[in-house]
Amino acid sequence: MNRTIGLVTTNYSLGDFGVLTAERPEAAVPFGGRYRLMDFALSNMVNARIHTVGLITPYYYRSIMDHVGAGKEWGLDRKDGGLYILPGTVYGFRETDGAFLFRDFIHNERFFRQGDGDYILVSSGTLAANIDYLPMISRHELSGDHVTLLCRKTREEDRHAGYFLTVSDTGRVTAITPGDQGDYCFLDSFIIERSFLLRLMRDFDSLGRMDFMEILRMVLPDVHVGTYTFDGYVAPMKTAGDYLRASMDLQDPGIRGELFTRDRQILTKIHDAPPALYAEGSRVRNSIVASGCVIEGSVENCVIFRSVRIEKGVCLKNCVVMDKCVIHSGARLENVICDRYVTISPDTVICGTAQTPCVLPKGGVI
Amino acid sequence: MRQKECVAMLLAGGQGSRLGVLTEKIAKPAVSFGGKYRMIDFSLSNCVNSGIDTVGVLVQYKPTLLNRYLGTGAAWDLDASWGGVHILPPFATQTGGEWYEGTADAIYHNIDFIDEYNPEYVLILSGDHLYQMDYNLMLDFHKLMGADLTVAVKTVPWEEASRFGIMSVDDEMRITRFSEKPKEPDSNLASMGIYIFTWSTLRAALLADHNDPDSENDFGKNIIPALLGQGKNLFAYVFSGYWKDVGTIPSYYSTQIELLDPNAPFKVHDTRMHILSNLNEHAPSFIGPEGQVEHSMVCNGCQILGRVENSILSPGVSVGAGAVVRDSILLPDSTVGDGAVVERTILNERSSIAPGAVVGTADKITVVGDSSTMEV
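Chains as they are written, first to last, in our numbering: chain A, 90 to 455; chain B, 105 to 480.
In case anyone wonders, no lab produced these hints; they're calculated from the structure. Fair warning: there could be bad hints in the mix.
[Stated by the list, open to error] In the SDA-like style, the derived pairs of lysine to any residue whose C-alpha atoms are separated by at most 25 Å in a straight line are:
| id | chain 1 | residue 1 | chain 2 | residue 2 |
| --- | --- | --- | --- | --- |
| 1 | A | Lys406 | B | Pro393 |
| 2 | A | Lys401 | B | Ala368 |
| 3 | A | Lys161 | B | Tyr173 |
[Stated by the list, open to error] Derived Cβ-Cβ restraints for the label pairs, each shown as a range:
| id | chain 1 | residue 1 | chain 2 | residue 2 | range |
| --- | --- | --- | --- | --- | --- |
| 4 | B | Arg376 | A | Met307 | 57 to 65 Å |
| 5 | A | Leu223 | B | Gly188 | 49 to 57 Å |
| 6 | A | Ala443 | B | Ser344 | 52 to 60 Å |
| 7 | B | Trp186 | A | Asp155 | 23 to 31 Å |
| 8 | A | Asp166 | B | Asp275 | 51 to 59 Å |
Glycine included, C-beta positions come from ideal geometry on N, C-alpha and C.
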């Protein structure tokens with residue numbers, strides 16, 4: 090019997106994605122040609138044989154619900170367990186002060202109470218990584234700890250606002266520090282004992298406005314908090330520049346192979362587009378291309394999402410072009426992110442830089 | 105009694121022996137086609153797009169992959185609570201078991217299944233035709249004519265008529281004669297193997313046919329001539345769209361390569377008639393720094409490090425660095441090693457071409473079999 094249930098939060102954003110997150114929460118940002126960021130968290134849970142997953146939604150949950158539906162693609166349309174939509178309490182699209190608003194947990198207490206899981210695996214919906222959670226779950230079960238935090242030794246790219254951990258020789262977390270440095274970087278995912286979480290909800294009922302990590306900091310001296318280190322690839326997701334870089338990372342066969350390994354597939358909503366069509370004279374180099382595209386122009390170092398049309402004489406370099414964009418003939422784009430349904434008029438020239446790409450809003454006609 | 109207006113019965117038990125190694129391990133309707141599809145997708149999608157939500161799929165030859173592919177029918181939105189896809193294999197009874205001995209015999213053994221839905225009409229389909237058709241229009245015609253049987257027909261060139269089952273009709277499209285591969289045809293309306301029967305008529309005909317020891321239990325050879333002989337109302341419905349029976353390696357090859365033509369009559373990129381499939385779990389494809397793809401269709405899950413021209417790549421295909429793939433059809437999960445040259449070749453599922461190997465020539469079609477590896 091599986092003793093772990095899952096929880097994915099999709100209602101906060103710690104980064105600054107500009108117009109990409111103007112009308113959607115960060116967890117619903119399209120990524121990798123056919124996915125949304127939250128596909129990783131959902132798939133990681135399902136791949137760890139977790140069959141009950143709660144999804145904390147933003148106040149405006151249309152894009153989230155459109156994507157997950159009844160959880161069919163993740164095998165979560167089940168009689169026993171399945172996908173539970175848990176209304177979040179943050180007004181607007183996102184909370185910006187932390188990943189796990191405690192009030193969201195308290196308001197959905199029934200979800201934690203009714204299930205039969207002894208442990209709850211919590212993940213941010215924006216964590217773009219392919220994580221094998223089974224060893225982490227085993228580690229937690231064997232340790233008897235109250236909480237196991239997912240972390241890694243701090244790397245250069247981790248030095249931005251977040252939580253950092255100090256870990257003793259015996260693997261115990263002795264300090265949790267907000268800021269931008271520390272030995273270990275918390276990766277926005279943890280396993281918590283259910284009875285312990287229910288106790289915290291009762292004891293800190295009045296502190297719902299705080300982040301779960303702040304509550305954990307307060308009780309840290311009295312509880313057992315362990316860590317599990319993840320050394321694999323985590324897509325950096327703080328700015329539009331990060332987003333472009335993470336998209337370009339997919340051209341690396343090692344990273345692509347790791348994120349999209351057939352052993353632990355990342356699942357997503359299926360659109361059933363026909364194969365991509367490459368016309369006579371098209372030139373595509375070092376790029377990710379999804380199905381349904383019709384390509385007549387030239388594409389280099391790009392990620393092209395489903396059903397994009399790229400006409401003759403178009404030249405795209407270092408771009409991310411999301412679903413159903415149309416790039417008309419003769420247009421030249423470099424370091425540009427086109428949100429979905431963007432139309433680029435003939436002979437338009439747009440250039441951003443790798444650090445600050447030009448981001449075109451959804452449905453825009455340029 | 106609760107009733108479905110029309111139930112479709114899809115004949116998917118055939119071996120398709122003319123496709124050779126492609127059907128060595130799987131039934132013909134399960135053969136990969138057009139990149140991300142399998143042959144059965146076209147008929148199934150037509151059913152869904154025509155509002156027919158109950159489909160019995162008659163399987164017999166090597167059904168494992170087909171069964172797995174169909175699953176619950178959810179991929180075609182055919183997982184209905186009353187209706188949906190039903191896989192119907194031959195089965196044992198108290199008096200023993202029998203294989204399906206012919207197309208009509210397969211339906212005969214499933215009379216109980218059809219009776220469950222108590223339909224007014226039964227639509228008989230094949231799982232190996234390439235076409236997009238709204239069966240509702242044909243059903244409307246069937247009702248309007250008060251027909252017992254309506255046969256979908258296609259106008260074929262006169263010089264080819266002797267290769268088909270030919271329907272002779274009068275001015276109102278009433279079928280007056282049916283001749284299988286006539287030497288001197290008096291009509292050029294060829295049967296497409298798509299029938300709508302009024303169920304009560306078909307039911308009686310199947311029972312009579314089963315009790316006739318001389319019958320081959322075949323729709324074309326036995327059922328249709330018998331109904332014609334009884335003076336039943338048989339009509340021909342002319343279908344003017346694109347339709348292809350993909351029965352041989354040359355036609356399997358050429359109908360697919362034709363899909364690459366921007367003016368191809370069969371449009372997989374037409375969003376109005378959505379063709380659904382169940383091969384969707386791959387990440388988008390990757391074209392490498394030295395990769396080159398022209399005049400080709402590429403599905404998700406491919407990795408292309410070499411050159412691909414005028415070819416179709418199914419999901420999960422890998423083309424190594426420096427390799428050249430020309431005028432070829434690469435079926436799911438097949439691999440072309442570094443530096444290999446593949447020309448005018450059908451590479452079966454999961455087969456691989458060793459690095460540096462040269463396969464195929466421009467003047468004939470080469471087929472590389474299942475799980476076999478060509479060595480240099």
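Hint numbers the structure violates, sorted upward? Hint 5 alone not satisfied by this model.
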